[in-house]
Amino acid sequence: MLSRYDDFDPDQSMDNEQNLSYAIKLDIFEGPLDLLLYLIKKNEIDIYNIPVALITEQYLQYLKMIKALNLDLAGEYLVMASTLIHIKSRMLLPPPDETEEGEEEDPRAELVRQLLEHKTFKEIASELGNRPLLERDVFVRAASLPEEMEQPMPESEELIEVSVFDLIEAFHRVVSQLDKKELLEIDLEKLSLTDIINDIMDQLAAMKSLTFEDLLKEKKDRRRIIYIFLALLELVKLRMIKAYQTSVFGVIRIFPAVE
Amino acid sequence: MEKIKAIIEALIFASDTPLAPEKIRAVFPDVEKKEIQEIIDQLVSEYHERQGGILLQEVAGGFQFRTNAELGKWVKKLKSTKPHNLSPQAMETLAIIAYRQPIVKSEIESIRGVDVGGPLKNLLEKKLVRIVGRKDVPGKPIIYGTTKKFLEVFNLKNIMDLPNMRELKELNQQQELLMQDMDEEKIQEDVAE
Amino acid sequence: MEKIKAIIEALIFASDTPLAPEKIRAVFPDVEKKEIQEIIDQLVSEYHERQGGILLQEVAGGFQFRTNAELGKWVKKLKSTKPHNLSPQAMETLAIIAYRQPIVKSEIESIRGVDVGGPLKNLLEKKLVRIVGRKDVPGKPIIYGTTKKFLEVFNLKNIMDLPNMRELKELNQQQELLMQDMDEEKIQEDVAE
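Protein chains in written order, with the numbering used here: chain R, 1 to 259; chain X, 1 to 193; chain G, 1 to 193.
What you were told as hints is all true, and nothing was included just to trick you.
With beta-carbon atoms standing in for the labels, derived distance ranges: (1) X:Glu-46 x R:Ser-144: 24 to 32 Å; (2) R:Met-65 x G:Lys-23: 50 to 58 Å; (3) X:Gln-51 x R:Gly-75: 52 to 60 Å; (4) G:Thr-17 x R:Ala-68: 53 to 61 Å; (5) X:Ser-110 x G:Thr-17: 46 to 54 Å; (6) R:Leu-69 x X:Lys-77: 36 to 44 Å; (7) X:Lys-127 x R:Gly-75: 27 to 35 Å; (8) R:Met-65 x X:Lys-77: 42 to 50 Å.
Here are the computed lysine-lysine pairs in the DSSO-like style, where the Cα-Cα straight-line distance is at most 30 Å: (9) X:Lys-157 x G:Lys-73; (10) R:Lys-122 x X:Lys-148; (11) X:Lys-79 x G:Lys-79; (12) G:Lys-77 x X:Lys-33; (13) G:Lys-105 x R:Lys-242; (14) X:Lys-73 x G:Lys-23; (15) X:Lys-105 x R:Lys-122; (16) G:Lys-126 x X:Lys-127; (17) X:Lys-157 x G:Lys-79; (18) X:Lys-73 x G:Lys-5; (19) R:Lys-237 x G:Lys-127; (20) X:Lys-121 x R:Lys-122; (21) R:Lys-122 x X:Lys-157; (22) R:Lys-237 x G:Lys-121; (23) G:Lys-76 x X:Lys-127; (24) X:Lys-33 x X:Lys-149; (25) X:Lys-76 x G:Lys-5; (26) X:Lys-149 x R:Lys-119; (27) X:Lys-33 x G:Lys-79; (28) G:Lys-77 x X:Lys-34; (29) G:Lys-34 x X:Lys-79; (30) R:Lys-208 x G:Lys-149; (31) X:Lys-23 x G:Lys-126; (32) R:Lys-41 x R:Lys-119; (33) X:Lys-149 x G:Lys-79.
Reference listing, derived: stretches of chain R covered by chain G, where coverage requires no fewer than 3 residues with Cβ under 8 Å from a Cβ of chain G: (34) 137-144; (35) 192-198; (36) 201-213.
It should be emphasised that the hints constitute simulated quantities derived from the structure, not laboratory data. Cβ coordinates follow ideal geometry from the N, Cα and C atoms, glycine included.
This is chain R alone, in the form it adopts within the complex:
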């Protein structure tokens, strides 16, 4: 029987304990704002005029109790505790110098704002949950249509609904299965070359043969000349085209490698 506990990992047991306490805590309150709202309700306090000293005291008592029960306390509760103490101390300060310009905001204002917002959303959430929910209160047609209805009309052009993110995701899937060293190196240059390669192949398909000058046309900027030249080199390397020159310094004429 004992042997079952031989490989018992004490660290792990502590983890479990912590997670368990986390669970209990969540069951009681969903965070410090929830706890504060509970205290406000319990004491029948006006949320716009919170007696900070009283609430802080009760809040800290609660934290003590949670600790006494040996429950793990999420950091947010401690942050709220220090906020409360800070507000309390500010409330105790003498009023600001009367000659001082500008309004001094009530130290509680920000907290009240937060509490009201939280309270509002709690109410909205419960209202949202009371709506007629699909698969709980309302149901849609679940049966599939007879097969002949599902077949679309053949002659119509198919629409495709995809985004570039779908494409990237797909590419990720592929790449993630490859070795690191095999990672496809794609950069802007390669891609812009692709455009020009496609363009050249299109023209070749139409014209059967082309000269370098044909390709340059009127757009004779340096960048384009270099790119077209690189594209031609790539095409020759890929064995997609053949290039012929009638004489040294003569016209370079290119043909598709395969008709």
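Take the given structure of chain R and dock chains X and G to it, following the hints.
For chains X and G alone, coordinates are given in the frame of chain R:
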């Protein structure tokens, strides 16, 4: 006319998702948009007056036949499906996203006062919430919003159809006014002392 | 009685298979079998007399709502205006072609590790991919590239608009971080539930 009505009824019935009037128009390019809407409205009220088990409802920007919500418990008896059960945490997180979208995680957390990673993942998995983009601030936090499925599940025509959307806005204004009041009171107290 | 009729209508509508009267009885053990059959018959004739787009029909030992068969061609027309998604295989093949074009089939296959004849044909039919030429090596393999329609469908100005490898990596890392965060939180939540 009666024929078109029957066809539109069939189209809405056959569609797997709520059918937008524009999609119906794609089938009838010759029929006016207004006429299609009128026919749909007729169908909606016919089913409503009939008080049967099926209703034609506007959901997520389209029209769909759905069972009458009052009969839900009976249908559930037959289907024994798992409804979209959301924990209170997930529901509150969803409510915040729905009403405040587009919104980043830290903003949700400042309202809820706790970490929302768990519920957020849950909502993403259920496809009720989606990543809308990234905010152009340091850290490029992810921006969240609700999905079409959210509208379908919660029986909403569109986001403005959310209950109390207007009330909530008013409440926010009231809060701001109150805050001002509080400030003023404080000053008066100060003066009185 | 009217209530039971509405419930039965809702049950038949929401069922994913033709609903047998015995199954309906399982929901209403107190109602006579005969009465249930009568109500179903009533519904059938109501829908029949209405001459609308939906009919209640007896199919395969049960009852099911179906579109009026006479309107079938309209339903088909709707279905064909519905946008289609690409299968994951087609999408992966397309992604490889987009990033690595000009490319021959065997190269795609060496990356994907499977035959891509099917998806490739699909992509050619959809005019997302085209034959750019043939390679001058034994077998004269066909070289593939993307089309103008590809750019249109993916809303790209040109091929350079595709995110490059560095951006892809960054995106991936961020996603992984996000997932890690979420996983950790998920564990806690799971325990909490």
